[in-house]
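Asks: Chain residues, written in single-letter form:
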Amino acid sequence: MQARVKGLETLLTEKGLIDPAAIDAIVETYETKVGPRNGARVVAKAWNDADFAEWLKRDATAAIASLGYIGRQGEHMRAVFNTTDTHNLIVCTLCSCYPWSVLGLPPVWYKAPAYRSRAVIDPRSVLAEFGLVLPEEKKIRVWDSTAELRYLVIPERPEGTAGMNEAALADLVSRDAMIGTAVAGSPEALS
Amino acid sequence: MNGPHDLGGQMGFGPVSPEKGEPYFHAEWEKRALGITLSCGAFGAWTIDESRHARESIPPADYLAASYYEIWIRGVEMLLERHGFATREELLSGHKLRDGAAPKRVLRAEMVPAVLAKGGPCDRPVETAPLFVVGERVKTKNFNPATHTRLPRYARAKQGVVEAVQGSFVFPDDNAHGKGENPQWLYTVVFDGAEVWGEGADPSLTVSIDAWESYLEPL
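Protein chains in written order, with this note's numbering: chain A, 1 to 191; chain B, 1001 to 1219.
Hints are computed from structural coordinates only; laboratory data are not their basis.
Keep in mind that the hints are not guaranteed to be accurate.
To be verified - Lysine-lysine pairs mimicking DSS-like chemistry, simulated, CA-CA at most 25 angstroms apart:
id : chain 1 : residue 1 : chain 2 : residue 2
1  : A       : K33       : B       : K1020
2  : B       : K1020     : A       : K111
3  : B       : K1096     : A       : K6
4  : B       : K1020     : A       : K57
Put together the whole structure using the sequences plus the hints.
Replies: Now the structure itself:
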């Protein structure tokens, strides 16, 4: 593929159709500027600010945009909240829909057939492969991202985090917790 | 289209293999593949729906054997040829052999921040009121078009409940094929695991899709 893609870039550059510097700028954006820390800040704010959490539930696109996280593959956002009863899991069975603006580019497993095929039919065993074993009574809600809505899971706030500021809370929130293949970390685990 | 992309509920792909500390890119060419795809999208010659259809039209054996960015590259080559930007001969040679179609715009480095920040919102107003209301039981249609659709196979001819009316959005089944945006109301429809998967389904499972109005019938 290295040669094929290099050939394509050369061809399109010779034809004046692409600017290789634009490709550099795109790559730099997603390697250094847009990533899962955006989403973690959204979650931390939701944990600490009931009004913001309410806004997220009502209009996630606007609430998330208020923090400056906008743009491609985050044009239309929806936040889904884990509760004591229900665990949420996000998948795109048809391609690779993913909220780039808050989580960055998706990991390989999210785009691969193993995850896309099984997340909707056997989510418990998928979660177990991530090391997440949920109690039997916990309901699992799978959201198949079939339209242009992009989903962000708001995990439950871990125990022992009262009084923590948003920056410290955000450190407990992994990318996988915002897809639903993990839960938020505990402060003890972090220290 | 019942293509290789429509993976929900298929079996045999083995365990999910999360990679610890996974990098954004596993090879230099993957970076360029991302940038080329986004740059070509900026031409304004095709929509995201047409590009999805191009990817799902890759022959199944090739699709399933290809890595993610390889699927993107195969898709974008198909679109470049279809829209007259490059010939097959040029794609094979990797060099310009003749002039081709002119794009609406070429993405320059200085345009990148604004273009990425703007994205491609696809909500559009419609004049009709939604046909379905929150809480209503509905059935998804049973159809198998050879063309693009965003109703997964596993969710066809199934009964579910409208959980939310999400607004009105460009209709991908038309937009993928140059038939216009023809926006429709979009609903989140939730199904019990047993309705979708039948006997042996996880009793604690519910699955939802976002379905355009014409995918649904009243019960």
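Asks: Could you run down the list of hints and mark each one as holding or not?
Replies: For each hint, the structure was consulted:
1. With a CA separation close to 21 angstroms, the supplied pair K33(A) and K1020(B) stays within the 25 angstroms bound.
2. As the CA atoms of K1020(B) and K111(A) are separated by approximately 16 angstroms, the hinted pair is consistent with the 25 angstroms bound.
3. Restraint check for K1096(B) and K6(A): the C-alpha separation of about 13 angstroms stays at or below 25 angstroms, so the hint holds.
4. A threshold of 25 angstroms between alpha carbons decides the hint, and for K1020(B) with K57(A) the separation of about 31 angstroms lies outside it, so the pair is violated.
The earlier numbered hint that this structure contradicts is number 4, and it is the only one.
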